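Visitor: According to this note's numbering, the sequence shown is numbered sequentially starting from 222.
It is worth saying that the hints were derived from the structure and are not from the lab. It is possible that some hints are incorrect.
In silico SDA-like links for lysine to any residue, alpha-carbon gap of 25 Å or less [unchecked claim]:
{"#": "1", "residue 1": "K451", "residue 2": "R407"}
{"#": "2", "residue 1": "K429", "residue 2": "P350"}
{"#": "3", "residue 1": "K232", "residue 2": "S371"}
{"#": "4", "residue 1": "K391", "residue 2": "S271"}
No experiment lies behind these values; they were computed from the predicted model shown.
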Amino acid sequence: DILGVLAVDRKALQCPYLLSVVSAILTLFESASHAMLQTLSDGYKASRQSTDERRAVDEELNNLLLAQHSACLHILLELCAESLDWPDADTANATRRVACQYIHQCFLRMGGLVTKLVHFQGYDRRLIPILIQLVPSMHATTPFLEELLSTPDPSNKAFAIQLAAHVAAKYPLIQTETAVNVALQRMREAVSSDARDLLVRTVPLLPKMAATFPRTGIPGGVSVAEQAVKLLASVR
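I would like the entire structure built from these sequences, with the hints used as guidance.
Guide: What follows is the structure in structure tokens.
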């Protein structure tokens, strides 16, 4: 169980030098865990003749690995969130860099599924700009931004709008412009339904959205900047 690596004294995780050692050990445990689980899976599948049974074993293995890695990443994300309140800014910054380096590598190793799972589960919204800056593989959130923006929960929707705005500012592509357009639509819906909690968290992002896409790259589309101005004028 790779989670056992992180079951150390919290002080070890709060020291960037020790955290880098823990991260290296965690990566080794990951490799060993993958190899062991794959061996067990192969042995079990060899005794099964049904294709459906073998496929079910692969699915269970993937789900187990996703759950393990998601749990590890959330522990590190919680550590990053805690560090925002530490009195020693240098230690906090160094700790976040080490944690984000592991998060980046994990996103690369595990692919888009773990990235998607972590973001649908959510984390402290204050970390969004930090992750955009320190985790280069955050561009992997782009394919599921529109799906994330369609979640019914207002808090998750606000998180998705914030994520879309920051990802688009870092990666101003047609795909992220489309996601920002969806985010603006969700904000217009919030104005119509008077969802003030969502608006309080997302209206400050309008200048960032407008500055990212002053002109539209979508044929027949309306620029994000123009939409942002109209939306801002409609907020009371």
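Visitor: Give a verdict on every hint.
Guide: Taking the hints in turn, this is what the structure says about them:
This hinted pair checks out: K451 and R407 have alpha carbons roughly 14 Å apart, not beyond 25 Å. This hinted pair checks out: K429 and P350 have alpha carbons roughly 12 Å apart, not beyond 25 Å. With a C-alpha separation of about 39 Å, the suggested pairing of K232 with S371 is violated against the 25 Å cut-off. Only pairs whose Cα atoms come within 25 Å are accepted, and K391 paired with S271 is rejected, the gap being roughly 47 Å.
Taken one by one, the earlier hints fail for this structure at numbers 3 and 4, listed in ascending order.
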